[in-house]
Amino acid sequence: MFAFGSFGCSDDTTERVTEADVVKNYAAMVSANYADSLQGAEALHEAVHELTESPSSKSLEAAKTAWLASRDPYGESEAYRFYQGPIDNDDTSDDIPDGPEGLINSWPLDESYIDYVLDGNGEPLNGGIVNLVDEFPDIDAETIANANTEAGESETSISTGYHAIEFLLWGQDSTPPEDLRPGQRPFSDYVVGEDGTAEHQDRRATYLLTASDLLVDNLSEVNAAWLPGKSNYRADFVAMDPKLALGKILLGMGSLAGGELAHERMQVAYDNRDQEDEHSCFSDNTLADLRNNAASVQNVLLGRYRSVQGASIDDLVDARDPALAKRLRDEIQDALDNIHALEEAGLPLDFVIQQPDEDEGRQHLLAAITALEHFTDTLSEAAKAIDVEVTFDL
Amino acid sequence: MTSHARSALVLGLAALLSSACSGDPEGAAPLAPALASDGVALSGGEGTTFSTGKNAFTQPAENLPQARRSAFFTGNSLFNRNWSTAPASTTGTDGLGPTFNARSCSTCHFKDGRGRPPLGEDEAMTTMLLRLSIPGTDEHGGPNPEPTYGDQLNPLGVLGVPGEGDPRVVTELVEGRYDDGSVYELSVPTYEVRDLAFGELAEGTMISPRVAPQMIGLGLLQAIPEADLLARADPEDADRDGISARPNRVWDVASEQVVLGRFGWKANQPSLEQQNSGAFVGDIGITSPLFPEQNCPDAQPDCVAAPSGGEPEIDQTRVAQVDYYSKYLAVPARRAHRDPEVLQGEALFGQIGCASCHTVTYRTGLVDGQPELSEQTIHPYTDLLLHDMGDGLADGRPDYEANGNEWRTPPLWGIGLFKDVNGHTRYLHDGRARNLEEAVLWHGGEGADAAAAFKALSRAERDALLTFLGSL
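Chains as they are written, first to last, in the working numbering: chain A, 1 to 394; chain B, 1001 to 1472.
This is chain A alone, in the form it adopts within the complex:
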C-alpha cells in the first residue's frame, strides 16, 4: 500500500513492536488478570461467610454464584502457568518461592478426604476431615493444606482450592447425566441443630471458610508477585532477556493449549466417556472452564485482557510471517467457536461425552481438541519464526 509521505520507506517509519514491548504488555495483562482473580476469591469468601453465618437456600445460591463468577478470571489466567513462575514454580534451586497452584486448582479431588461421600450402594460414609473429630480435632489452614502431605510427601494437597470449595457447596454429583443436574448438597448441611442434615455441620462450615480463606491468601501471594512498581517477580520478568521471557510466555500458552486443555481436560473425557471425568464435576461448570482456558491462550496471543491491550505475540509473528500469524489467530478462534457451540447447546459436558460419536456435541468437542492441537503445532512454528526456543509440556 502507498504510505503517505513516506516515499516507500514505510519500514523505517512504521512503529515496529519490540520483544520488550510484548513482555511489558504481557506483565500488565497478568497483573490485571490476577487482580480480578483475587477480587473474585474475596467476593466468594464473603458469600461463604454469609452462608455459614445464616445458612439458607438463598445464601447457598449466592455462594454458588460467587464461586462460578470467580472461576472466570482464574480460568483466564491459566496460560501464565508451566514456566516456573509465581503461580506454579516448583524448582527448589531458584529464589522464587514455590507456587500455590496445587493448593488453588488441584484436581481430581479427594472428596472422601474432606467430607462424607456415598459408597457404591448409596450409603453415606461419614469420613473425611469434617467428620473425623479424633484425628483432626482442629480444622485450620494447616490441617487442610497438609492433610495429604503426611510423611513429607512432596505432592501438594488435594483437599484445598476451588474444587474443594465446589464440593462443599454443591456436593457429589450423583444424579445421572441425563437429569442434567449438578450436585445437590442441601443448605441444611450447614445448619447446626435438629434441622441440620449430615453430621458435624459446624466443622463443615469451618472447613469451607478455611478453604476460601486459604484461596484468598494463595491468590494474594501470586497477585503480589505481579504488582507493578515493586521489587518482585514482575520486575525481574520485564528486566530479563526478552527472548527468555518470550520463551516462558510461549511455554505457558502451548502447554495450556496443547497439553492441559486439549489433552488433560478434553481428550481424556472424550476418549473415556466417564461421567465425572471433567474438571468442575460437582457444579457442571466444566464448559465454562474450557472456554476460559481457551480464551486465556487467545488473550496472550493478542496481547489483551479486559482493558489492557498492547504489543502481542501476534504482532511479532505477523511481522515475520503474516500467513503464520493468521493461522494462529484462526485456529484458536476455531477452538473457541466450537466450545461456544457446546455452551449454547446448554448441555453439561458430562452428558455430551456419553453420546455416540455422531452427536453434534461430541463432534464440537473433537473439533475443539483438533483445533487446539493444530494451534499448538503452529505455535511451535511461530516460536521458530521469532527465534524463541521452547518445548511445550504436552
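It is possible that part of the hints are untrue.
[Unchecked claim] The calculated DSS-like cross-link candidates involving lysine-lysine, where the alpha carbons are at most 27 Å apart (straight line), are:
no., chain 1, residue 1, chain 2, residue 2
1, A, Lys24, A, Lys248
2, A, Lys326, A, Lys248
3, A, Lys243, B, Lys1111
4, B, Lys1111, A, Lys248
5, A, Lys24, A, Lys243
6, B, Lys1455, A, Lys384
7, A, Lys243, B, Lys1419
8, B, Lys1419, B, Lys1455
9, A, Lys230, A, Lys326
10, A, Lys384, A, Lys326
11, A, Lys64, B, Lys1419
12, A, Lys230, A, Lys24
13, A, Lys326, A, Lys24
14, B, Lys1419, A, Lys248
These are computed hints drawn from the structure, not numbers from a lab.
Assemble chain B onto chain A, guided by the hints.
Relative to chain A, chain B alone:
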C-alpha cells in the same frame, strides 16, 4: 527413510571404530562427519525428538502421526493424574492405596524422568522405593514377599489406613584415588525403616532400593528382537573377557510361562505391560485386569477393610492407554555430538570396555501394529542383560535368576538430561552416584576392569569420557 537411517548407522559406526583405533577423533573427518555424526545423534531412530529442557522426556515419538497420538495423550493424562481415595466422583480414577508409595505415576517419574534418593536422613523417600523379600522364592521362582509387609514397602496410607513405615537413607563418605593421585569421594548409602507399623521386618529380610527410571524409549527396547539380545549372552564367560552377560528368566503373568526379562533394575519384568500394571498395584495401590488382587497382607486389617475403587480399579481401556503412552515416549537426540571432546570421550568409551555391556546400537524388529517402533536403528547403550556389579553395588536380594550381585545394564540414553528434566545428577539403581563420574567409579565385578581403566586415564581423558556421557 529406512535405508537412509541404515547407511547413517554404518557410517556412524565406522567413524566410531576409526576414531577408536586411531585414538584420534579427527580421523573420523574423511568419513562425511556430518552424516556420520547425525546418525549417531538420533538415539531413538526416526522417533527421536529434538526437545530440550524440562520437557525433554515428555514428547511423543517424532514419527508417531497425529492420527495415532490421541491414546498417547490420554495415557499421558492418566500417567500424571493423582488417583483419589475411593469412593470419589471421578470413578475412573479412584482407588488409591489403601497403602501406596505415590498418588500418580508422575510423582516418581516426574516429567517422565528419573527419581532420586533423599538428600539426607531428614528427607522422606519419595521418588524411589524399597523392595522386600525373605529367603526362598514364590511359586514362579520370583522373590518371596516379606510376610507382614509384602514385597514392597508402602510408606503411605489413605485416611484411616496406616502407612507401613518410613524409609530413610543414611550415607557415609569414603575416599578413593585415581592413578594420577587425585582424590575422589563416594557416598555409600545404608537403608533403615523407621516407625514400622506392624512390628519388625521378618528375620533375614532382604531390601532392594530402586529409583524410578526415565520413561523414554521403552517401546523401542521392547522391540529389540529377543534373538539379538540372547546373541550377546555369555553366561559362562566362554570368551573369557571377564564379562558374563546373563539373561533373566521371569514369570509372565499373561501367558503363564517363563520368558526373557527385559525391564526393571534386575530385568525382572518381561514386558512393559506387566511392568506398568505391576507398578500400578505395587506403587499406587491400583488393581488391574493383570493384577486384580490388592496388595494388603493379612496382618494389615485396615488395609484389607478399606473401600475399593472398583474391581479392578483401572480397566483395560485405561491400562492400554498408559501402556501405549509408555511405548511411544521419544528419546531425545544427542547434543554436541560433533564436539571434539565428545568424540574423544566416545572413543575412550569403546577403548576402556564400557561398550562391552552398554551395547551402543540395536535394530528393532518388526512389531505388529507399531510401525513407528519397527525397524529402527537405535542407540540405547544397553544389552538388557544381567551383570555381576560387585559387592559394593550388590543389594543381596535375588530376583528370579538375577542373584544378589547382579543388575541389568541400564540404558544410557538421556542420562545427560536428568539435570534439565529433574534438577539432579543422581545415577545407579539407588541414585547413590552424585554425578556421572561417581557412577563410573562405582562399577565393580564385571565392570571393575573398565572402572580401573577409567582411573588410569588422565584428567583430560576422564573429562572427555564424562562429557561424552553427558551428550547422551
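These are the hints, each one checked on the structure:
1. A:Lys24 / A:Lys248: Distance ~13 Å between Lys24 of chain A and Lys248 of chain A Cα, so the pair holds.
2. A:Lys326 / A:Lys248: holds, 22 Å
3. A:Lys243 / B:Lys1111: holds, 24 Å
4. B:Lys1111 / A:Lys248: The hint holds at about 17 Å.
5. A:Lys24 / A:Lys243: Within the cut-off at roughly 13 Å; holds.
6. B:Lys1455 / A:Lys384: violated, 44 Å
7. A:Lys243 / B:Lys1419: holds, 22 Å
8. B:Lys1419 / B:Lys1455: holds, 25 Å
9. A:Lys230 / A:Lys326: violated, 36 Å
10. A:Lys384 / A:Lys326: Measuring from Cα to Cα gives roughly 16 Å; hence the hint holds.
11. A:Lys64 / B:Lys1419: This hinted pair is violated, its Cα atoms lying about 45 Å apart.
12. A:Lys230 / A:Lys24: Status holds; Cα separation ~14 Å.
13. A:Lys326 / A:Lys24: holds, 23 Å
14. B:Lys1419 / A:Lys248: holds, 19 Å
In this structure, the earlier hints numbered 6, 9 and 11 are contradicted, and the remaining ones agree with it.
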